[in-house]
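S.K.: Listed below, chain by chain, are the residues.
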Amino acid sequence: MDLELILMQLFSGLALGAILVMVALGLTIIFGMLGIVNFAHGALFMVGAYAGLWIASLTGSFWWALLVAPIAVGAFGMLVERVLIRPLYKRTPDDPLLLTFGLGYVLVEAVRITFGTDGIPFSAPDALQGVVDLGVGYFPLYRLFVLGVVAVILLLLWIALEKTRFGLIVRAGARDPLIMRVLGVDVSRLWLLVFGLGVGLTALGGVLAAPMRNVSPEMGTLVLAEAFVVTVIGGMGSLLGAVVAGLLVGVAVSMTALFAPEMATIVMFALMALILLVRPQGLFGRPGVGA
Amino acid sequence: MSSTSHAAPVPLGAPQAVGAPGVLSRWRVPLSIAVLCILPWVLPSQALAVNVLIYGLFAVGYNLLFGYTGLLSFGHAAFFGGGAYLTGMAIVHLGLGWFPAMLVGVAGSSVLAAVIGALSIRTRGIYFCMVTLALSQLVYYTALQASNWTGGENGLRGFTLAKADVLGLTVNLLDPTQKYYFLMVFAALALWFVSRVLNSPFGAAIEAVRENETRARACGYDVERTKLLSFILSGALCGVAGTLSAIHLSIVPLDALHYHTSSIVVMMTMLGGAGSFFGPFVGALVFLLIEDVASLWTSHWQLIVGIVFILFVLFLPKGIWGTLIAWRSRS
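Order-wise, the sequence lines are chains S and X. Residue 290 in our numbering is what sits at position 290 of the first sequence, and the numbering runs on without skipping anything. Residue 1306 in our numbering is what sits at position 306 of the second sequence, and the numbering runs on without skipping anything.
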């Protein structure tokens, strides 16, 4: 097997992983702050892809879709937090989880009604078609673009969380919401924003993924499982863990696709089982948080 | 329904009955069987009755883990589908008779539950559901890839059972009524088994783990072992439901292992009332009735089920049966 092919596959894996990073980051941020697992996360990824598709067909521009769809779905997420999830904070963590699970179920069916059950192809804009010469071989431009967008988002997120007052409040709120409330911070508004941010990230992942795979109502189910795998491997509630594990899973899947195609869908779950055996708290997780 | 009083270090003497004492609780197994006996005659169709039987049992097995032990699993399709596939494969590939094939199915799903359970109880709380979901996806994709054994996407076919010989009697499995009562015998046995488990000291122990894990541990219970054992029993019961569905359908669709199947059982248990004996059956009945009625006028009955489910989580988290029990004990 020649080196060029392996390098190309590595890049493909990184692009695949970058999407997973977006989804897993949204999941982890919501969990870290609100303490709930958003089971509608996969469905909202799918809604993001459909919203992108719809906006692109409406405006004729992929760029508008990329900008507007995540914001619109994020706003929808805020509405969900406000109306459906907020009454459940006083209950056990299972209840918001079951609620978001039900919501995911409803969203999939709602999309089926609106857009039909068949998958819809969605092509990248002309400007991003074609391949680029990376020195070792030709690589699809669109995947490079995905890597770039995700890198920019990660940078922005890092600045927002580490360098701004908002980020300070978010991190403190994740550690101890009660103290934040005593200090006079409106925690419930913070949770609203964080939920919207997390949902927006997964919706962005959906729009970015749309040209790389078929857009179908069921696309969220696999993504949800993949995001769980990434979260478990990366570590419970660790943002760095979500990034590293997302890329790792992407590369592992695409490398397996090269050497043993029939194992490609299975490898990430096997990786997760391995991590659970040797390091149940995940690569970057603190012991005691989840295991 | 609090059971913290059961958290004694070593249960001494006769185990206390768990749940509301009363006629309904004491006679729960005969009552369930009586209801199951008349089910085909009161429901709109016999096909619906068989589904209530199979999915009701599936939900009862799931409820042992979710309702009584407090562990929310999103991967129980692995045991339902696993039991169905192994039964079918034992008939197709090994040429076994229906009864040994059923044993293979139940034993296999128990082993599968032991492996998945051992891995997933290493995580606590909310991560448990993520790990169970991911591991059941692993089972799904393995079945999809191993198409020589499982038939892949087309599902497992070619094991139609026309009749079964039971203790000198021949049951004609092509006759819906005979088949229903044939399958019901196994469901009744499983229900009796669940009732015994819940009345045993172990039944009190799993409820103690649900109510307060730390306290149960402090009382000297081996929490990990209790959870794992509950997981295996739950998986085995779901395996029984799976084998019954294989015998009923004479095929095993790949969907039996799909995430969708795991979701259905969560919804049924929740709708009926998690942690109550009759709840899962009530939930299965209601879920399948909504499907049966709503699918007459729309193919999107899942939207209705989903909205009903959300309303239940918001306003009736104890489910139908759980809410009835709460009302009764209040008055």
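Rather than coming from a laboratory, the hints here were simulated on the basis of the structure. Every residue gets a Cβ at the ideal spot worked out from N, C-alpha and C, and that includes glycine. Among the hints, a few may not be true.
[Claimed, not checked] Simulated restraints, written as ranges between beta carbons of each label pair:
no. : chain 1 : residue 1 : chain 2 : residue 2 : range
1   : S       : P87       : X       : A1326     : 11 to 21 Å
2   : S       : T117      : X       : L1311     : 19 to 29 Å
3   : X       : N1148     : S       : I159      : 44 to 54 Å
4   : X       : P1100     : S       : A151      : 19 to 29 Å
[Said to hold, decoys possible] Residues of chain X placed beyond 10 Å of chain S at every Cβ, according to the derived structure:
no. : residue
5   : P1030
6   : C1037
7   : V1042
8   : T1123
9   : A1134
10  : Q1145
11  : G1155
12  : R1157
13  : K1163
14  : K1179
15  : R1196
16  : I1251
17  : D1292
18  : L1303
19  : P1317
S.K.: All hints are to be evaluated individually against the structure, with a verdict given for each.
M.R.: Verification of the supplied hints:
no., hint, verdict
1, S/P87 with X/A1326: 11 to 21 Å, "holds (19 Å)"
2, S/T117 with X/L1311: 19 to 29 Å, "holds (25 Å)"
3, X/N1148 with S/I159: 44 to 54 Å, "holds (53 Å)"
4, X/P1100 with S/A151: 19 to 29 Å, "violated (58 Å)"
5, P1030, "holds (32 Å)"
6, C1037, "holds (33 Å)"
7, V1042, "holds (29 Å)"
8, T1123, "violated (5 Å)"
9, A1134, "violated (5 Å)"
10, Q1145, "violated (5 Å)"
11, G1155, "holds (18 Å)"
12, R1157, "holds (22 Å)"
13, K1163, "holds (39 Å)"
14, K1179, "holds (31 Å)"
15, R1196, "holds (27 Å)"
16, I1251, "holds (22 Å)"
17, D1292, "holds (17 Å)"
18, L1303, "violated (4 Å)"
19, P1317, "violated (6 Å)"
Hint check: violations occur at hints 4, 8, 9, 10, 18 and 19; the rest are consistent with the structure.
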